[in-house]
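Q: Residue-level listing of the chains:
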Amino acid sequence: MAVASTTTTVAPHAVLDHIHPEPTSFIRKYIFSIDHKVIGVQYMITGMIFFVFAGLLAELIRVQLMHNDGRFVSPETYNQIYSMHGSAMVWMVIIPLVTGGFGNFVMPLQIGARDVAFPWLNLAAFWMFPVAGLLLFASFAVGAPDAGWTEYPPVSLQGPAGTSLWCIAIFLIGISSTLTGINFIVTIVKMRAPGMTFTRMPLFVWAQLATAGLSMIATTALAAALLALFLERTFGIPFYDPRHGGSPILWQHMFWFYSHPAVYIMILPAFGIISEVLPTFARKPIFGYKMIAFSSISIALLGFMVWAHHMFTSGLVPWLQLPFMIMTMIVAIPTGIKIFSWMATLWGGSIELSPAMLFAIGFLITFTFGGVTGVFLSAVPVDLHAHGTYFVVAHFHYVLYGGSVFGIFSGIYYWWPKMTGRLMSETLGKWHFWVTFVAFNCTFLPMHWLGLEGMPRRVGIYADTHDAVFWNQVASISSFFLAAATLLLFANMIYSFTKGKKAGPNPWGARTLEWMIPSPPPYYNFKKIPAVLAAPYDFGNPLPYIGLERVPGAEGPAVTRTPAPAPAT
Amino acid sequence: MAVSIAKQGKHGHGVAGQSLVHDEVIYQETREMRLLGFVLFLISDVVLFSAFIFAYLYLRNTVTPVWPPMLDGKQLPRLDVAFAGVNSCILFGSGVTMHYAMEAWKHAKKGAFNGWILGTIVLGTLFLCGQGYEYMHAQIGGWSGSIFGASFFTLTGMHGFHVLVGVVYLIVLWWQANKGVYDETHYFGLTAGTLYWHFVDVIWVALFFLFYLF
Amino acid sequence: MTALLAIISIAASIFWIVVPEPLGLVEAADPSGQVDTLFRFLAVVGSFIMVYVAGYIIYFTIAFRRPKNAPANHIGVQIHDAPILEFWWTVVPTVLVAGLAIASVQILSTINNTEGDVLTMEAIGYQFGFSFRYPKIANPIPDEMHVPVNTPITVHVTSRDVIHGFWVPEVRLKADMVPGLINTIRFTPTRIGTYRIICTEYCGALHGKMAAKLVIDSQQDFAKWYNAQGGNGTTGGTGGNAGGVAVALQGGNVQAGQALFGQKCSACHSVGPFTQKIVGPGLGHIFDDTTHPKLVSGDDPTPQNVAKILKNGYQGDIGVMPSSQANAINNTDIANLVAYLVSLSKH
Chain P
34 MAVASTTTTV APHAVLDHIH PEPTSFIRKY IFSIDHKVIG VQYMITGMIF FVFAGLLAEL
94 IRVQLMHNDG RFVSPETYNQ IYSMHGSAMV WMVIIPLVTG GFGNFVMPLQ IGARDVAFPW
154 LNLAAFWMFP VAGLLLFASF AVGAPDAGWT EYPPVSLQGP AGTSLWCIAI FLIGISSTLT
214 GINFIVTIVK MRAPGMTFTR MPLFVWAQLA TAGLSMIATT ALAAALLALF LERTFGIPFY
274 DPRHGGSPIL WQHMFWFYSH PAVYIMILPA FGIISEVLPT FARKPIFGYK MIAFSSISIA
334 LLGFMVWAHH MFTSGLVPWL QLPFMIMTMI VAIPTGIKIF SWMATLWGGS IELSPAMLFA
394 IGFLITFTFG GVTGVFLSAV PVDLHAHGTY FVVAHFHYVL YGGSVFGIFS GIYYWWPKMT
454 GRLMSETLGK WHFWVTFVAF NCTFLPMHWL GLEGMPRRVG IYADTHDAVF WNQVASISSF
514 FLAAATLLLF ANMIYSFTKG KKAGPNPWGA RTLEWMIPSP PPYYNFKKIP AVLAAPYDFG
574 NPLPYIGLER VPGAEGPAVT RTPAPAPAT
Chain X
294 MAVSIAKQGK HGHGVAGQSL VHDEVIYQET REMRLLGFVL FLISDVVLFS AFIFAYLYLR
354 NTVTPVWPPM LDGKQLPRLD VAFAGVNSCI LFGSGVTMHY AMEAWKHAKK GAFNGWILGT
414 IVLGTLFLCG QGYEYMHAQI GGWSGSIFGA SFFTLTGMHG FHVLVGVVYL IVLWWQANKG
474 VYDETHYFGL TAGTLYWHFV DVIWVALFFL FYLF
Chain R
99 MTALLAIISI AASIFWIVVP EPLGLVEAAD PSGQVDTLFR FLAVVGSFIM VYVAGYIIYF
159 TIAFRRPKNA PANHIGVQIH DAPILEFWWT VVPTVLVAGL AIASVQILST INNTEGDVLT
219 MEAIGYQFGF SFRYPKIANP IPDEMHVPVN TPITVHVTSR DVIHGFWVPE VRLKADMVPG
279 LINTIRFTPT RIGTYRIICT EYCGALHGKM AAKLVIDSQQ DFAKWYNAQG GNGTTGGTGG
339 NAGGVAVALQ GGNVQAGQAL FGQKCSACHS VGPFTQKIVG PGLGHIFDDT THPKLVSGDD
399 PTPQNVAKIL KNGYQGDIGV MPSSQANAIN NTDIANLVAY LVSLSKH
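Residue numbers (the working numbering), protein chains in the order written: chain P, 34 to 602; chain X, 294 to 507; chain R, 99 to 445.
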């Protein structure tokens with residue numbers, strides 16, 4: 034492919050010109066920093082801490098379900114446990130990690146910027162996150178929310194005081210999410226390096242752009258729903274209670290109008306991570322760049338038109354069920370295009386099975402399976418049977434764990450050296466992957482038939498029909514291995530800090546801009562903002578950047594790997 | 294809202310030899326970014342109102358068979374269009390005065406600017422007083438009495454809160470303008486304030502139609 | 099490789115086509131067979147997709163692994179796209195999705211238009227059980243729902259308090275029981291037996307224990323059961339308050355009745371003349387309207403007969419008048435409401 038030429042005299046954005054002096058105090062450097070890299074790491078740390086807590090809640094669920102008579106915890110406690118597990122995982126783990134965490138750290142580097150558009154807003158948005166998370170977990174002290182992460186009224190109107198705290202906490206993290214979405218859109222639209230047209234952007238940036246649009250638009254709809262729920266619980270303002278003229282179905286519409294786009298907020302950045310990891314470790318261009326970029330945008334748009342597929346059994350009029358069913362099925366098409374393009378990226382590659390690559394490849398299998406079961410659920414007649422059962426729980430864990438979390442793990446192994454300047458242990462990483470992959474499937478695969486054969490969701494006590502207890506025990510024991518595997522990741526992090534080799538700028542031989550600067554990057558990112566000549570994925574060609582300060586090792590581990598970049602002007 | 298430093302040559306640390314033109318380029322670039330960011334914020338605010346408007350229309354069309362709905366066996370009365378109509382004119386008038394304030398500023402007519410923006414602040418405050426009066430005299434069963442009260446007071450209350458924030462913001466802008474923070478070519482804060490104020494007006498057009506005319 | 103994957107896919111597909119119970123459950127009603135057919139279709143397509151996707155991914159990962167002795171600058175094939183391949187892998191899924199959509203629409207339409215109405219009944223969810231109301235049986239029957247085989251059934255479901263779910267896995271149909279709404283399921287039982295009715299919407303602490311029995315009887319057994327419950331007008335059977343016993347109406351409080359009317363009735367009834375319909379007729383002259391000399395039940399408009407309708411509900415060509423269970427009103431409420439209605443007619 035001919036490299037598009039551009040004049041080398043294109044200036045970077047003047048706003049990126051200056052390098053402001055680095056803050057000196059510990060507090061301004063590491064606590065209240067406006068540096069997107071520090072903020073990104075802060076999101077990662079906070080998100081991983083909540084991941085541990087939400088994961089422990091999951092293990093409590095699995096212990097309870099090893100027996101079908103609810104002997105481990107009381108029903109009231111159990112309901113609080115899974116409601117908090119879901120709420121924390123969605124709002125305090127996955128969304129912050131993939132947007133605030135990876136988005137903040139990586140995206141500005143990949144577009145050749147010095148920071149995001151509004152660094153102070155970034156700081157404010159971050160600090161709402163630990164506050165919201167603490168508020169959410171504080172609800173255990175007053176009776177945590179107990180009606181699932183979906184908190185349907187009227188039952189949520191009866192819920193413990195923690196339900197109101199939940200409203201406030203999620204409202205707060207929603208503000209954070211909206212502000213980050215706005216920040217990222219302006220950054221991507223306005224601060225790309227000269228020559229980086231939209232079609233020369235890394236696909237991770239495309240993913241962040243689509244996600245930011247979703248965050249910005251959908252989240253305020255949730256804010257409205259939460260505000261109304263809070264007002265009704267606290268002041269009796271009738272929105273949802275039918276005894277006072279309200280409608281429970283109204284909540285479902287308002288909640289799902291946000292929460293369906295929310296699942297795309299959770300998966301699109303993971304798609305972006307996969308689109309970076311696969312070409313790097315296959316040493317070939319991402320296949321179908323334009324289609325992958327286009328499909329990210331179309332998935333985001335379609336994501337706004339399918340929310341009522343969560344409501345097929347609620348009493349929607351039949352003529353409304355149809356368009357939602359059809360739109361949901363249509364989403365399968367751009368998603369399928371991505372999967373096939375990623376597979377074609379593997380074909381003919383020079384594949385190196387690093388831990389990041391293993392998780393990316395594992396993602397392709399588990400996420401596709403979750404997508405297929407999603408198509409099952411999109412068919413209304415099947416959904417009428419499977420809604421509200423463990424089939425749905427299986428489906429969404431395949432796309433959220435097998436999708437988003439695998440993507441997060443892949444991203445951690447990929448960008449850890451860039452963030453910390455140190456390598457992780459490949460051996461520990463591979464063990465993490467294999468134990469996770471096997472344990473994950475053993476945990477969640479049985480839930481498909483558990484659900485189809487009669488086990489509803491959100492139960493701590495269930496009937497032992499069709500060997501339900503046996504399969505629950507299989508799932509529970511496997512989940513203990515899954516949790517143990519995660520400990521390997523944390524052990525690897527500790528290993529990296531204590532014994533890990535120093536990572537140069539580009540340990541993987543990747544080609545996007547973040548790998549052209551030292552690890553960890555200096556606070557100003559780029560001494561000189563480069564000009565960009567092409568999309569970054571052509572491994573056979575010289576690096577498409579002009580004007581970069583020369584950093585030894587930026588071409589990758591072997592000097593002859595790719596021809597050296599053109600000298601700086 | 295970050296105070297924008299508009300006076301040329303004051304931005305950051307100019308690289309030696311850079312001209313004032315360079316500072317101007319930086320100003321224009323950051324102005325574009327801030328404008329886009331502010332517009333995106335307003336869009337997300339529109340979604341907030343749209344969600345509640347959806348709730349109102351859903352409850353009105355799907356749940357209650359009559360509008361206004363019944364309360365304690367009797368149908369609630371409609372709202373007073375005349376009073377709200379006058380109050381709306383006050384609010385729309387404040388949009389006009391804001392427009393003239395901006396025009397005056399752009400033509401460096403400081404005195405006229407002050408007059409028009411103070412007029413906007415006064416009219417905005419009058420509108421809020423009118424809303425307060427409306428709230429005290431509405432006979433629709435209170436905030437929690439029915440879905441009428443729930444949707445009306447919540448939506449107009451959110452709008453009123455936005456107006457209040459807007460009035461405060463305009464006072465800040467008036468104070469900043471008089472302190473010399475802006476000049477005839479650098480006045481992003483005023484642009485944002487005008488956009489916000491017109492946004493508040495547009496939301497009111499929708500709410501007035503939906504609650505008083507429809 | 100393609101051939102190997104084809105063999106595996108075809109084998110999986112054959113499995114899904116011939117397996118007698120793809121969901122691991124018997125089919126106990128129409129249209130559960132249609133749901134199972136759709137499931138089989140999805141499973142066949144899903145098998146092809148998973149076998150090929152997982153198969154090729156594993157194959158590529160192994161076949162294109164970087165060789166141990168590769169030079170340091172070993173890279174993959176530098177291709178960016180393949181328009182013809184991309185065309186096909188867009189078109190084929192689109193065709194599959196279209197096929198799935200058509201099949202689903204057809205089956206959904208069958209489900210939504212299924213015959214019912216030979217027997218029409220109510221299922222009411224509450225925290226934490228199910229109760230069932232049958233025509234002409236005064237009392238709700240808790241925990242056990244009987245239906246006759248080969249008879250089109252309509253079940254109106256609603257809730258007394260929070261959202262519950264009504265699901266019989268062997269019937270494949272599910273409807274949420276939403277307070278303030280009536281959702282409807284129609285099916286024809288085809289297989290005699292006892293099955294579980296399971297709540298599938300979180301409804302509170304004991305959601306996990308909320309279940310009931312669906313008993314599909316032969317037609318004779320059902321008739322026996324129905325008679326024993328007090329249907330067909332016979333006054334035997336369990337529970338005291340079979341159809342004939344009056345609700346005590348003395349001491350009904352007009353103000354309380356007016357307030358209750360506003361809460362419970364005014365959504366569907368006005369207090370104007372008969373013609374001022376909302377959902378049901380205006381009730382202002384229920385006791386002295388010479389142009390409408392009978393109540394909807396065909397009885398004379400006496401307070402006692404009005405109380406009967408309030409207690410038992412009514413289903414007719416006009417629609418569904420919820421029973422006292424569905425409305426969550428007790429006998430005192432009924433007395434108050436009747437007193438209020440009597441006071442209206444006096445004007």
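These are calculated hints, taken from the structure and not from any lab test.
Just so it is clear, CB atoms sit at the ideal spot from N, CA and C, and this is done for glycine as well.
Some hints here could point you the wrong way.
Quick look at which bits of chain X chain P covers, simulated, 3 or more residues with Cβ under 8 Å [stated by the list, open to error]:
1. 333-339
2. 347-359
3. 467-480
Q: How about the segment 333-339 of chain X: do at least three of its residues have a C-beta closer than 8 Å to a C-beta of chain P?
A: holds (count 5)
Q: How does the coverage statement for the segment 347-359 of chain X fare against chain P, requiring three or more residues with Cβ below 8 Å from a Cβ of that chain?
A: With 7 residues closer than 8 Å to chain P, the segment 347-359 of chain X meets the three-residue bar; holds.
Q: When I compare C-beta atoms, does the segment 467-480 of chain X have three or more residues closer than 8 Å to chain P?
A: violated (count 0)
Violated hints amount to a single one, hint 3; each of the other numbered hints is respected by the structure.
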